[in-house]
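A.B. asks: Okay, here's what each chain looks like letter by letter:
There are 2 protein chains.
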Amino acid sequence: MVTVDFFSSEDVRFPTSKHLDGSDAMNPDPDYSAAYLSFGSQGGEIGHSSVFTIGRGNDVQVAAINSLSHFVLGKNLDNLLDDIGDLYKKMVFDSQLRWLGPDKGVLHMAIGAVVNGLWDLRARREKKPLWELLADMEAQELAGLIDYSYLDGALSFQQALGLFEASQPFRDERKKELRLRGYPAYTTSPGWLGYSDEKLERLAREAIKSGFGRIKLKVGADKSDDIRRLAVARAVCGKDFPIAVDANQRWGVREAIDWISELAKFNPDWVEEPTHPDDVLGHQQIARAVSPIRIATGEHMSGRVMARQLIESGAVGILQIDSSRVAGVNENIAILALAAIKEIPVFPHAGGVGLCEAVQHLAFFDFVAVSGNKENRAIEYVDHLHEHYVDPVRVSNGRYWPTDVPGSSQEMKKESRIDFGFPDGPKWVDSNA
Amino acid sequence: MVTVDFFSSEDVRFPTSKHLDGSDAMNPDPDYSAAYLSFGSQGGEIGHSSVFTIGRGNDVQVAAINSLSHFVLGKNLDNLLDDIGDLYKKMVFDSQLRWLGPDKGVLHMAIGAVVNGLWDLRARREKKPLWELLADMEAQELAGLIDYSYLDGALSFQQALGLFEASQPFRDERKKELRLRGYPAYTTSPGWLGYSDEKLERLAREAIKSGFGRIKLKVGADKSDDIRRLAVARAVCGKDFPIAVDANQRWGVREAIDWISELAKFNPDWVEEPTHPDDVLGHQQIARAVSPIRIATGEHMSGRVMARQLIESGAVGILQIDSSRVAGVNENIAILALAAIKEIPVFPHAGGVGLCEAVQHLAFFDFVAVSGNKENRAIEYVDHLHEHYVDPVRVSNGRYWPTDVPGSSQEMKKESRIDFGFPDGPKWVDSNA
Chain A
2 MVTVDFFSSE
12 DVRFPTSKHL
22 DGSDAMNPDP
32 DYSAAYLSFG
42 SQGGEIGHSS
52 VFTIGRGNDV
62 QVAAINSLSH
72 FVLGKNLDNL
82 LDDIGDLYKK
92 MVFDSQLRWL
102 GPDKGVLHMA
112 IGAVVNGLWD
122 LRARREKKPL
132 WELLADMEAQ
142 ELAGLIDYSY
152 LDGALSFQQA
162 LGLFEASQPF
172 RDERKKELRL
182 RGYPAYTTSP
192 GWLGYSDEKL
202 ERLAREAIKS
212 GFGRIKLKVG
222 ADKSDDIRRL
232 AVARAVCGKD
242 FPIAVDANQR
252 WGVREAIDWI
262 SELAKFNPDW
272 VEEPTHPDDV
282 LGHQQIARAV
292 SPIRIATGEH
302 MSGRVMARQL
312 IESGAVGILQ
322 IDSSRVAGVN
332 ENIAILALAA
342 IKEIPVFPHA
352 GGVGLCEAVQ
362 HLAFFDFVAV
372 SGNKENRAIE
382 YVDHLHEHYV
392 DPVRVSNGRY
402 WPTDVPGSSQ
412 EMKKESRIDF
422 GFPDGPKWVD
432 SNA
Chain B
2 MVTVDFFSSE
12 DVRFPTSKHL
22 DGSDAMNPDP
32 DYSAAYLSFG
42 SQGGEIGHSS
52 VFTIGRGNDV
62 QVAAINSLSH
72 FVLGKNLDNL
82 LDDIGDLYKK
92 MVFDSQLRWL
102 GPDKGVLHMA
112 IGAVVNGLWD
122 LRARREKKPL
132 WELLADMEAQ
142 ELAGLIDYSY
152 LDGALSFQQA
162 LGLFEASQPF
172 RDERKKELRL
182 RGYPAYTTSP
192 GWLGYSDEKL
202 ERLAREAIKS
212 GFGRIKLKVG
222 ADKSDDIRRL
232 AVARAVCGKD
242 FPIAVDANQR
252 WGVREAIDWI
262 SELAKFNPDW
272 VEEPTHPDDV
282 LGHQQIARAV
292 SPIRIATGEH
302 MSGRVMARQL
312 IESGAVGILQ
322 IDSSRVAGVN
332 ENIAILALAA
342 IKEIPVFPHA
352 GGVGLCEAVQ
362 HLAFFDFVAV
372 SGNKENRAIE
382 YVDHLHEHYV
392 DPVRVSNGRY
402 WPTDVPGSSQ
412 EMKKESRIDF
422 GFPDGPKWVD
432 SNA
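If you read the protein sequences in the order shown, they are chains A and B.
Residue numbering for the first sequence follows this note's numbering, beginning at 2 and increasing consecutively.
Residue numbering for the second sequence follows this note's numbering, beginning at 2 and increasing consecutively.
Do not take every clue at face value.
Copies of the same chain are indistinguishable here, so a pair counts whether it falls within one copy or spans any two.
[Said to hold, decoys possible] Restricting the straight-line Cα-Cα distance to at most 30 Å, the calculated cross-link-like pairs of lysine-lysine (DSBU-like) are:
1. K128 <-> K91
2. K176 <-> K128
3. K129 <-> K414
4. K19 <-> K90
5. K224 <-> K90
Derived by calculation from the structure, the hints in this document are not laboratory data.
All values reported here derive from a predicted model rather than from experimental measurement.
So that you can see chain A by itself, here it is in the shape it has in the complex:
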């Protein structure tokens, strides 16, 4: 029997705001940060996970993670790993903690960190990368990972089981295919709002040369800037190259419809986060008005109840998932299943710090065992901060290549965690000196 006797949370922040990496219409100066969790047995097995934030408030996220320590500390790790779905439901339905959401915000993301840490531990124990661990699971076990409450009418255990069973005969072949050809990536690197036209042009050219089949530009702060920048990008990329745009919640509903209509001539592949992420009916209204342009959202989607509504109402043509916004792998499996049933393509949100590393596992799993699709899909990719990870993503020729390293690729190098520890790590102490 292995007992969990170690639980450590860390506030790690990277001073990315200095170079305007990651700048967009709503987030002019993010410091990409991780509320980092490691727990397990001091004797050996340690699981890693984190919640991505963009700076201030990362300490609150750490406090929320700490408030959950009693769910794992002192517990039998074997039991926890045998039924991660059980602990996930216990945490989500802890009535006192539930009051602080429910199913949203800081506490919900903290639950995600604990759940994801358990999955990291289990994948390490079974000596498989997380994507493959999930992809090799029996349909019955996979369907048991989902919490079906509030999904009444949208997803039942039987439906999920059917979905996972249907993929069974194809899984081995798809694993081979994934290893052989990778999974499409798209890049946001050229499109940050703080970049000059010259930098945008240069980076777009480089993106295409590197093999990316799709890029994304930030929009929404100034309409004439957007039109100018999209013209620059179109000139570089050519008429038919997929260029998505992302407004980062900048608009009201009517404003979104007007603005998107003016950008329509550039044929955007999708328009992301046109308005407030909670406004399901607003997204529905926008989607109807700008059709056939596809509306995308999801990186701020708090969980499966919002996903269900976005999908069922036709509010999204593309659903985006985030590895650390919801209550972890289990809730993301529910969301992937909801999307697969309605045939809504999933384009995972990534970037930040550690998000590419984490979400690739979900996308690979989706291809092998859920939707069975990867060609009309792509994982977001941003080329920064990967050097801090023990098992960084492998992206080349515009594709993510699956890792074979056991775990969920969430482990950040110890020295990075020390160097960028906030507020006392050497990188912060020096920069404030």
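Given chain A, put chain B in place with the hints provided.
C.D. replies: Then chain B, alone, in the frame of chain A:
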């Protein structure tokens, strides 16, 4: 010039779970708690506010409040009080903090605590109870308190201005009327799920004798229990007495429709929180299916974007507001205005600890200067923990009576805060001994 040089947060918890006060289908054992904030000038003016929670996680809520201290500490209090709307918007749109919501959960409620504390300070300074301070404001200033972003198409500055201007000629008369006749209350005291039928019967009888014109029962855990308990209540109250029921999010959508259909014969005045509070489309579906029974929700509504959707979609026949769930007085004014424009009656959520004290001010203000209505409305009332407040609610003959004490009635007695301080206050140390 007065500078803010004092900012103190406290974790205060009452061990209410011991007596099953407040037990319902989702919350079997709440410990009513306050993440308590006081700030201002050590020389004199101190504002008080709190976020209500039900126990575990109250420490995380306190941490979130602390993360906002820099917005007020060291600032000129006169400037802050002159334009509370400005600070409210600064906090809500702080891009780094916004990532942790946006507009929801622990961080959003923490913003509410700071905003509400400023209103408490301003009301004290102007020597008026908060409800009267707001009710005496010029329409122009009131309309300026609202953040209209994401309300595009639902509420504009001009519409809000029109609403507040329309009330102007009636406000003095309504203030008199309020002081003369009070504001209707309804009570949940008889209906907690943990109570026996005998206790329910006795408390319902007492509620009617005390002058309450409406009671509410918790339902949703067991259908035959609900039917039996509603029969008991109907027998005591008579055929036409308004009895509301509250399922506290227990059901899925189809389950809610079936269950409510079986309770329909008891003619419930409304059915509260039938399903997940984020499920706007689910509430819409339920409301259509069980019409004319009214669906109510709102105590877990994260803010104005959700309120707008619930109202516009016809998902609610009654909107409930909570004083500490959203980003404070300013956001609640937006929600009251949204409801008034669509003529949706507001029945404020209260109970817990400090919620009755806080929310009465919003209801009184709504009557005087927003909806102009109070007879088809009522504020929830639960008779416990009021003794811990410096200016406790005045409820008699089934009505709330307006306070004349300057401030927002949010100040908890110092000795209560010490006694029930968690985990080191004497009441907790003794009970764990």
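A.B. asks: Reference check for the pair K129 and K414, CA-CA at most 30 Å: within, between, both, or neither?
C.D. replies: within (20 Å within a copy, 57 Å between copies)
A.B. asks: Have a look at K19 and K90 and pick one of within, between, both or neither, based on CA distance no larger than 30 Å.
C.D. replies: between (40 Å within a copy, 25 Å between copies)
A.B. asks: Check K176 against K128 for me: Cα-Cα at most 30 Å, and say if that holds within a copy, between copies, both or neither.
C.D. replies: within (16 Å within a copy, 71 Å between copies)
A.B. asks: Go through the copies and call it for K128 and K91: within, between, both or neither, with a Cα cutoff of 30 Å.
C.D. replies: within (27 Å within a copy, 48 Å between copies)
A.B. asks: Can you tell me if K224 and K90 fall within 30 Å by alpha carbon in one copy, between copies, both or neither?
C.D. replies: between (45 Å within a copy, 23 Å between copies)
Against the hints set out earlier in the document, no violation occurs for any number.
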